[in-house]
Every structure is written in structure tokens, then in C-alpha cells.
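Protein chains: 2
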Amino acid sequence: MEQLVLDDVLAQIRTALEENDLATASSVIEALRPADQAEIFADLDDHQQTALLPQINPADAADIIEELYDEEAAELAVQLPLSTLVRIVDEMEPDEAADLLDDLKPEQAQEVLARLEAAHQVKHLIDYPDDTAGGLMTSAFLFLQRRWTAAQSIAAIRAWHPDEETIYYLFVTDRLQRLAGLVNLRQLIVADPKTTIAEIMEPDVIYVTPDTDQEHCAELMLRYDLLALPVVDAENKYLLGVITIDDLVDVLQNEASEDIQRLGGTLPLDRAYLDTGILAITGKRIGWLLILFFTATLTGGVMAMFQGTLEAVVALSIFIPLLIGTGGNAGSQTTTTIIRAMAIGDVEWADGWRVFWHELGVGFVLGLGMGIIAFILAMVWVGDLQLALAVGISILCIVTWATSAGSLLPLVVARIGIDPTVVSGPVMSTLVDATGLFIYFTVATTILRL
Amino acid sequence: MEQLVLDDVLAQIRTALEENDLATASSVIEALRPADQAEIFADLDDHQQTALLPQINPADAADIIEELYDEEAAELAVQLPLSTLVRIVDEMEPDEAADLLDDLKPEQAQEVLARLEAAHQVKHLIDYPDDTAGGLMTSAFLFLQRRWTAAQSIAAIRAWHPDEETIYYLFVTDRLQRLAGLVNLRQLIVADPKTTIAEIMEPDVIYVTPDTDQEHCAELMLRYDLLALPVVDAENKYLLGVITIDDLVDVLQNEASEDIQRLGGTLPLDRAYLDTGILAITGKRIGWLLILFFTATLTGGVMAMFQGTLEAVVALSIFIPLLIGTGGNAGSQTTTTIIRAMAIGDVEWADGWRVFWHELGVGFVLGLGMGIIAFILAMVWVGDLQLALAVGISILCIVTWATSAGSLLPLVVARIGIDPTVVSGPVMSTLVDATGLFIYFTVATTILRL
Numbered sequence: 001m002e003q004l005v006l007d008d009v010l011a012q013i014r015t016a017l018e019e020n021d022l023a024t025a026s027s028v029i030e031a032l033r034p035a036d037q038a039e040i041f042a043d044l045d046d047h048q049q050t051a052l053l054p055q056i057n058p059a060d061a062a063d064i065i066e067e068l069y070d071e072e073a074a075e076l077a078v079q080l081p082l083s084t085l086v087r088i089v090d091e092m093e094p095d096e097a098a099d100l101l102d103d104l105k106p107e108q109a110q111e112v113l114a115r116l117e118a119a120h121q122v123k124h125l126i127d128y129p130d131d132t133a134g135g136l137m138t139s140a141f142l143f144l145q146r147r148w149t150a151a152q153s154i155a156a157i158r159a160w161h162p163d164e165e166t167i168y169y170l171f172v173t174d175r176l177q178r179l180a181g182l183v184n185l186r187q188l189i190v191a192d193p194k195t196t197i198a199e200i201m202e203p204d205v206i207y208v209t210p211d212t213d214q215e216h217c218a219e220l221m222l223r224y225d226l227l228a229l230p231v232v233d234a235e236n237k238y239l240l241g242v243i244t245i246d247d248l249v250d251v252l253q254n255e256a257s258e259d260i261q262r263l264g265g266t267l268p269l270d271r272a273y274l275d276t277g278i279l280a281i282t283g284k285r286i287g288w289l290l291i292l293f294f295t296a297t298l299t300g301g302v303m304a305m306f307q308g309t310l311e312a313v314v315a316l317s318i319f320i321p322l323l324i325g326t327g328g329n330a331g332s333q334t335t336t337t338i339i340r341a342m343a344i345g346d347v348e349w350a351d352g353w354r355v356f357w358h359e360l361g362v363g364f365v366l367g368l369g370m371g372i373i374a375f376i377l378a379m380v381w382v383g384d385l386q387l388a389l390a391v392g393i394s395i396l397c398i399v400t401w402a403t404s405a406g407s408l409l410p411l412v413v414a415r416i417g418i419d420p421t422v423v424s425g426p427v428m429s430t431l432v433d434a435t436g437l438f439i440y441f442t443v444a445t446t447i448l449r450l
Numbered sequence: 451m452e453q454l455v456l457d458d459v460l461a462q463i464r465t466a467l468e469e470n471d472l473a474t475a476s477s478v479i480e481a482l483r484p485a486d487q488a489e490i491f492a493d494l495d496d497h498q499q500t501a502l503l504p505q506i507n508p509a510d511a512a513d514i515i516e517e518l519y520d521e522e523a524a525e526l527a528v529q530l531p532l533s534t535l536v537r538i539v540d541e542m543e544p545d546e547a548a549d550l551l552d553d554l555k556p557e558q559a560q561e562v563l564a565r566l567e568a569a570h571q572v573k574h575l576i577d578y579p580d581d582t583a584g585g586l587m588t589s590a591f592l593f594l595q596r597r598w599t600a601a602q603s604i605a606a607i608r609a610w611h612p613d614e615e616t617i618y619y620l621f622v623t624d625r626l627q628r629l630a631g632l633v634n635l636r637q638l639i640v641a642d643p644k645t646t647i648a649e650i651m652e653p654d655v656i657y658v659t660p661d662t663d664q665e666h667c668a669e670l671m672l673r674y675d676l677l678a679l680p681v682v683d684a685e686n687k688y689l690l691g692v693i694t695i696d697d698l699v700d701v702l703q704n705e706a707s708e709d710i711q712r713l714g715g716t717l718p719l720d721r722a723y724l725d726t727g728i729l730a731i732t733g734k735r736i737g738w739l740l741i742l743f744f745t746a747t748l749t750g751g752v753m754a755m756f757q758g759t760l761e762a763v764v765a766l767s768i769f770i771p772l773l774i775g776t777g778g779n780a781g782s783q784t785t786t787t788i789i790r791a792m793a794i795g796d797v798e799w800a801d802g803w804r805v806f807w808h809e810l811g812v813g814f815v816l817g818l819g820m821g822i823i824a825f826i827l828a829m830v831w832v833g834d835l836q837l838a839l840a841v842g843i844s845i846l847c848i849v850t851w852a853t854s855a856g857s858l859l860p861l862v863v864a865r866i867g868i869d870p871t872v873v874s875g876p877v878m879s880t881l882v883d884a885t886g887l888f889i890y891f892t893v894a895t896t897i898l899r900l
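Here the protein sequences line up with chains P and B, keeping their order. Straight run, no breaks: the first sequence in the working numbering ends on number 450. Straight run, no breaks: the second sequence in the working numbering ends on number 900.
Honestly, the hints are just simulated from the structure, not real lab data. Glycine included, each C-beta is placed from N, C-alpha and C at the ideal position. Treat the hints loosely; a few may be bogus.
Unchecked claim - Computed beta-carbon distance windows for the label pairs: (1) B/His497 with P/Arg147: 47 to 57 Å; (2) B/Asp471 with P/Thr446: 52 to 62 Å; (3) B/Ala601 with P/Asn57: 31 to 41 Å; (4) P/Asp213 with B/Pro653: 23 to 33 Å; (5) B/Ala730 with P/Arg147: 40 to 50 Å.
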């Protein structure tokens with residue numbers, strides 16, 4: 001829905017709430033689509049949320065809770081009467097319900113769980129970490145038997161009235177409930193009603209185990225264009241649950257947005273930006289800022305080392321920001337390009353040397369171009385041939401070095417098991433600062449014979 | 451499939467190709483899943499690709515071409531005999547076929563089009579830009595009529611044997627072929643066979659027009675958890691095509707990876723990294739590097755302005771990298787956080803002032819902490835109280851300034867229509883460099899009474 005319309009709806013609900021007209025407020029919100037309901041709801045004050053939620057029908061309330069940030073949902077849940085909370089949780093997807101209960105106090109979670117209709121579906125999901133296949137999967141799925149016919153299967157689907165997301169791929173199990181194959185709904189409809197599932201199923205199914213990392217699940221679903229991914233017990237291949245495409249899309253969005261935050265040198269936020277307190281945001285940033293600060297003292301150390309040189313030719317200092325800035329930028333360009341190539345599978349560890357030579361070439365060409373421009377600039381600015389030569393040659397060396405080193409950095413850190421987005425950007429600049437200055441002063445002392 | 455297995459398969463195919471055994475090579479590749487086929491295929495040399503592709507059955511060849519980068523696919527297509535190319539293009543999804551033909555020379559595209567079986571489905575897609583709804587949509591879809599019964603509709607689906615992606619959402623049209631509603635396959639199966647489509651369809655359908663930007667399409671599908679999005683004629687609401695979830699996932703991945711590259715200050719690559727030449731990569735980077743270089747001369751200008759100060763107290767220069775580095779890092783942290791909050795809809799233009807005050811608070815707390823640490827560091831390092839005070843106060847001011855300015859930058863540039871990822875990272879650092887130095891020298895000359 002368009003933003004302007006949503007703003008109107010929000011104003012309407014706020015007015016109703018101020019007049020204590022909960023019935024109007026809840027009927028207005030119930031008429032919206034889930035994503036719009038959640039957006040409107042998130043914009044209300046905390047006490048308005050707590051007052052309104054019990055009045056909204058449980059299915060819509062469940063949708064709203066599912067769309068909120070985990071922390072916000074848990075804070076809201078704590079405020080609700082137990083009976084209301086139970087009614088809402090019963091309408092949630094089992095995987096989302098498990099995530100929510102996991103964020104509550106253990107006593108409260110137990111109380112809710114004891115009263116849930118679908119307790120058996122939720123209970124065994126609670127223990128899996130949120131960012132694994134076990135945490136993403138739903139246990140509310142229908143499985144077909146190999147010996148059933150297409151007609152029997154369709155009858156089972158009708159009787160089961162499943163959720164939309166879990167129906168397009170139907171997984172087939174053998175008598176011991178082990179994963180045996182996959183049929184998609186289209187095949188089932190197109191098939192002769194008397195055909196057995198065993199005849200039309202695809203036996204070679206891609207699956208994961210509950211401890212598989214969510215990023216790997218997303219990669220598999222993306223790579224093979226899967227609408228659903230089965231999760232099986234590692235030992236016996238029992239079918240435990242199914243990850244659906246809507247969960248994958250959320251994972252992808254979150255990972256992309258977390259990567260962007262990490263590239264900027266900050267830990268990802270856990271909740272909506274404007275609801276995150278100043279101290280919480282500061283906490284997410286100060287760690288990196290301090291690490292980078294102390295790394296930057298290295299650069300200060302290099303400056304101190306060459307203080308004699310600086311005292312002799314103060315004009316040298318004018319070019320410091322230019323040189324280390326350009327080096328840092330060239331390095332960041334390379335690391336982000338390589339991180340992206342690694343993410344889409346274009347580049348891997350085994351390509352290391354090819355990547356290095358490639359970037360060495362790029363760095364040299366870039367460095368030569370930038371060096372010539374810097375030389376001209378220095379001649380115009382300071383008018384000293386030797387100084388201009390020192391600046392130009394330094395840029396050539398720094399850019400070549402930053403580019404080629406920047407190509408290996410993400411590959412090496414990924415190899416030792418660190419997310420390369422974390423060490424890119426700021427770390428790269430800080431490291432290039434110190435080495436770049438060292439190169440500059442060395443070249444300058446040589447050429448200027450200091 | 452695991453990487454090691456794929457490497458084995460690649461070696462097997464290479465051996466077969468060296469022995470000119472095209473039959474073995476093609477049967478090995480045909481046994482793989484499409485994504486694996488494409489990965490293996492992309493690793494072969496150009497002449498091997500050209501020799502092998504005509505031997506692979508057209509449906510698999512079409513999958514391979516669809517998975518390649520656009521430029522690579524076009525280069526390969528040019529090498530193929532016309533009859534082979536026509537057979538392959540006929541197996542491609544109409545939207546992918548249109549993209550490929552659009553990348554060929556007009557004469558060649560015309561020749562292929564003239565011989566295609568599905569020419570009518572492809573022809574009208576060619577003119578839409580790749581990054582719009584028109585470029586993403588497929589025209590191979592089935593639409594239902596309102597007066598049909600569920601049983602009739604299922605019979606139509608069986609007769610049509612559609613592709614997997616286009617079947618889960620079925621769009622309903624009225625007699626004039628205008629979009630009238632949506633039925634999903636699950637509703638169709640669960641419904642009484644005699645119910646008419648008009649009774650079960652959802653009449654309020656979210657749709658786009660052909661010129662809608664692909665990012666907006668992705669946002670809508672994500673927000674409302676849609677598996678398919680109909681594209682209609684802006685004037686008459688004629689149903690023109692359907693965008694499916696697999697296309698959306700590709701868009702999301704590309705946008706995320708392009709954002710990451712832009713944050714690093716480089717234009718996104720058009721093809722696989724290792725296949726992109728050194729000069730092409732240089733071309734993607736030199737523009738930004740030059741812009742940032744000339745912006746950095748501003749910083750050099752500030753240094754030149756305060757050369758007298760620097761000559762008087764050379765020790766001041768030791769702290770320059772530390773100060774401007776910390777300012778740049780603090781600014782990047784803020785811009786990336788805000789860019790992410792904007793991307794997921796947490797923050798928009800109207801929140802500008804709230805965001806600014808929020809970040810002013812964060813910046814002050816961060817700056818205070820970093821300032822105290824910097825003061826202690828400077829006391830230990832240089833042992834001059836006034837200098838240490840100048841450094842500490844400068845850090846406080848620079849971090850507060852970089853953080854609060856960094857919060858508005860993405861909002862302002864997005865407002866004037868520029869992608870905020872482009873101006874974040876490097877631009878932020880470069881701007882903070884100059885202003886940070888100015889702050890430092892001003893504070894230092896005041897405290898040290900220079």
C-alpha cells in the first residue's frame with residue numbers, strides 16, 4: 001500500500017485509540033495486509049500496542065508478531081495476559097512460535113507451551129539456534145507415502161488444509177519416516193490420478209541437517225531454485241522439518257543488510273533503528289572504533305619514526321592525507337570486489353594466485369595513472385620537481401601494494417574462518433595507512449636525500 | 451553438489467573434450483543439476499564451450515545459457531550455428547530469451563526470432579529494459595476465467611503442462627483480458643470442484659506496470675510474501691505477464707552484491723571476476739579513485755593552510771592519521787547503519803531530524819569515550835598536557851561531527867535521487883578528512899596559543 005495511504009490509516013487508528021475506541025482501531029488494522037499491519041502497529045506507542053493487540057483477532061495478531069523484530073515481539077508478549085498470548089502463539093508458524101518462546105523467560109515459555117494446542121510441533125523446535133536449519137524449519141508439513149496414488153495424495157492435501165508456503169513441494173517418506181523423495185504440486189495435478197507417488201517422485205533430493213548454517217541453506221535454495229528444503233536427522237535421515245522460500249528470502253535480506261553494516265565497521269542492530277537506544281548503538285560501534293584507533297597508532301608510530309624527515313621538509317606532510325586516502329580507497333575497492341566475487345562463487349581459495357596476479361596488474365595500471373596525475377598536481381601545487389617525483393612514485397607503489405594485498409586479504413581471512421566483510425573496509429584502510437606512509441617516507445628520503 | 455565432486459566432474463569432462471569425445475562430455479554434464487551444469491560449463495575454455503554446447507540437449511543448454519552472465523551468454527550465442535541457437539532459445543524462458551536476443555546484433559536477433567516457435571511470446575518482451583518489470587516478466591503463463599469451475603481450471607492446468615514457477619499463483623482475467631483476481635493452486639485443489647473461480651479468487655491483487663523498477667517489484671514481493679507478481683498495461687489493466695519468485699531472488703542477490711561493490715567505491719562488474727580484463731576492472735575503479743583523490747586535495751589544502759602551525763609543533767602531525775581515521779570510521783559506521791535502516795524501511799526522509807538527534811547523541815557518547823582514550827594515549831606518548839588536551843578535544847568534536855553529519859548524508863542524497871550506497875564509505879571518509887583536520891588545527895592553535 002502506498003505510504004500516504006498508510007499514514008492516513010495510522011492517523012485514523014491513533015485517533016480511535018485516543019478515544020479508547022479499540023473496536024474501530026482493531027477493525028481498521030484487521031482490514032490490512034500482514035506487512036502493512038505490522039508497519040502500522042510498530043509505529044504505535046508501547047502502551048497502545050499492549051492495549052490493542054488483545055482486541056485484534058489472533059490470526060492477524062500472530063502475523064503482526066511474526067513481522068516484528070524478535071526483541072520487540074518478546075517485550076510485547078511479556079505484557080499480554082497469558083490466555084491472549086496462548087491464543088496468538090497457537091496461530092503462529094511453529095518455527096516463529098519457537099523463536100518467540102525462546103526469547104521469553106523460561107517459566108513464561110513453559111506456561112505458554114503447556115497450554116498450546118500445537119505444543120508438540122513447537123516444543124522440539126525451541127532448542128535449535130535461530131540461525132541454523134533447525135531454527136528456520138517448520139514442523140507443520142504434510143508428507144506423502146510412496147505407495148499412495150496421486151488422487152490419494154490430493155485427498156490428503158484437501159483434508160489437511162495446509163498453509164500456503166508448505167504445500168508446493170511435498171516430501172515423500174518411506175515406512176520408517178525417512179526422506180525418500182520429492183513431488184511438487186504441479187506434478188501431482190498433472191499426473192494420472194492412479195499413478196503412485198513412487199513413480200512420479202524425484203528420489204534425489206537436496207537436504208540439510210538441523211545444525212546446517214542458515215547461510216548455507218540459503219545458498220542451496222538459491223543455487224538450485226528450490227521453493228522448500230527438507231531438514232533431516234543426520235543419523236537416520238528422518239524427516240524433521242521443512243524450510244520454505246519465505247524464510248530464505250528473510251535470511252537473504254538480513255544477511256545482505258548485516259554485511260553492509262559490517263562493511264561499515266559496526267555490529268548489526270537487533271531491532272528497529274529508531275527504537276535502539278543511544279547507548280545500545282554506541283555499544284555496537286565502540287569496539288571496532290577502538291580496534292581501528294589502536295591500529296591507527298601504528299600509522300602515528302610511522303609518523304613519529306620519520307619526524308626528522310618531516311621537520312626537514314614540512315611540505316611533505318601536505319600530501320599525507322592524499323596518499324593514504326588513495327591507498328585506502330584502492331584497497332577497499334579491491335576487497336569489496338573480491339568479497340562479492342567470493343559470495344557469488346566466482347572466486348575461491350584455489351584461485352588465490354590468479355586473483356593476486358590479476359589485481360597486481362590492475363593495481364599497477366591504476367597506480368601509474370594516479371601517479372602521473374599526482375606528479376602533475378604536486379608540480380602545480382608546490383613546484384618542487386624532487387618532491388613531485390616522490391609523491392608520484394609513492395602513489396604508484398602504494399596503489400599497487402594496496403590493490404594486490406587487498407585481493408588476498410578476504411581470501412585469507414575466509415580461509416581461517418572469519419567473515420571477510422568484517423575485516424574489509426575500515427581494517428583495510430587502517431592497514432594501508434601505516435604501510436602507505438612507510439612507503440612514502442622511504443621513497444621521499446631516498447629521492448630528496450634526507 | 452559438493453565442490454570436490456564438481457572438481458572431479460570438471461576434470462572428467464576436460465579429459466573427454468581433449469580426446470574429442472563430445473558424447474561423453476555432454477552426457478556427463480546433462481546428468482547434473484542446472485546450477486552445477488552452468489558452473490562446470492563456465493570453467494571450460496571458450497573453444498571447448500563452443501564445441502560442446504551444440505551436443506548438449508537443447509533444454510539443458512538453455513538452462514546453462516540462462517545461468518551465465520549476460521555478456522558471456524551473448525558472446526557464446528554468436529559462435530553457435532543458427533539452427534542450434536534457435537533450438538536452444540526455444541527452450542529458454544521467454545524473459546531470458548528476450549534478454550539474450552536483446553544482447554545480440556539486431557540482424558542476428560531478427561534471424562533467430564523469425565525461426566522461433568514461441569516468437570510471439572518473446573517478441574514483445576525484447577523492448578522492455580532488463581531492469582524493469584517488463585524485462586523481468588515472463589509471457590508464458592496461464593490465466594483462468596472467472597466463470598470457470600475449479601475442476602475446469604485444474605483440467606486447463608493439466609492440458610497446459612506449465613513450468614514450475616508460473617503455476618503456484620494463477621491470475622484471473624475478465625472477458626477483456628483485464629486482471630480480475632488471483633487464485634493460488636492450493637485454493638484450487640482444496641475447493642469444491644464445482645465452485646467457480648469468481649467465488650474463490652482474491653479480487654484485490656497487487657500488480658505493477660511494465661515500467662516499474664525491478665527494485666520496487668522486489669520490495670513488493672518481499673513485503674507481501676508473494677510468489678508471483680502480475681504485470682498489467684497501465685491504461686487498460688490488460689494482463690501482460692508475470693514475475694516469478696526465482697527472478698526476484700536473482701534481483702535481490704544482484705542488488706545486494708552491487709550495493710556492496712558501490713560501498714567499496716567501485717562500479718559493479720558485468721561478468722565473472724576472473725573473466726574481466728585488467729583494463730575493464732581499472733575502468734570500473736579509476737573514476738571514483740580520481741574523484742576521491744581530488745576531494746582529498748581539500749585535505750591537503752587544509753594542511754597547507756596550517757603549515758605554520760605544523761612547523762611550530764611537528765608533533766601535531768603524529769596524530770593526524772589517528773584523528774582523521776577515527777572520524778572517517780565513525781562516519782562510515784553511521785552512514786551504513788542509516789542506509790540499512792532506509793533499505794528495510796525503518797527510516798525515511800520524514801524521520802530526518804529524529805535520526806540526526808539520535809546520532810548526535812551517539813556521536814557525543816562515542817566521542818567522549820574515544821577522546822578520553824586519545825588524551826591518555828597522547829600523554830603517554832608525547833607527555834605534553836596541552837597537546838594531549840588538543841588531541842582529546844579534537845577527537846570529541848570530530849567524532850560528534852562525523853556521526854551526526856553521516857546520519858543526514860544518506861537521507862539527503864536519497865532525497866535528491868542518488869543511490870546512497872554510492873556516496874557512503876569512501877566519500878564520507880574523504881569529506882571527514884578535510885573537516886576533521888580543520889577542527890584539529892583550530893582546536894590545537896587555540897589551546898597551544900599558536
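Each hint, compared with the structure:
1. Distance hint for B/His497 and P/Arg147: a CB-CB separation of about 51 Å, consistent with the stated range 47 to 57 Å.
2. Checked against the hint of 52 to 62 Å, the pair B/Asp471 and P/Thr446 passes, with Cβ atoms roughly 60 Å apart.
3. Distance hint check for B/Ala601 and P/Asn57: the Cβ-Cβ separation is about 33 Å, which falls inside the suggested range of 31 to 41 Å.
4. Distance hint check: the CB atoms of P/Asp213 and B/Pro653 are about 42 Å apart, inconsistent with the given range 23 to 33 Å.
5. Range check, B/Ala730 to P/Arg147: about 58 Å between beta-carbon atoms, so the 40 to 50 Å window is missed.
The structure does not agree with the numbered hints 4 and 5 stated previously, though it agrees with the rest.
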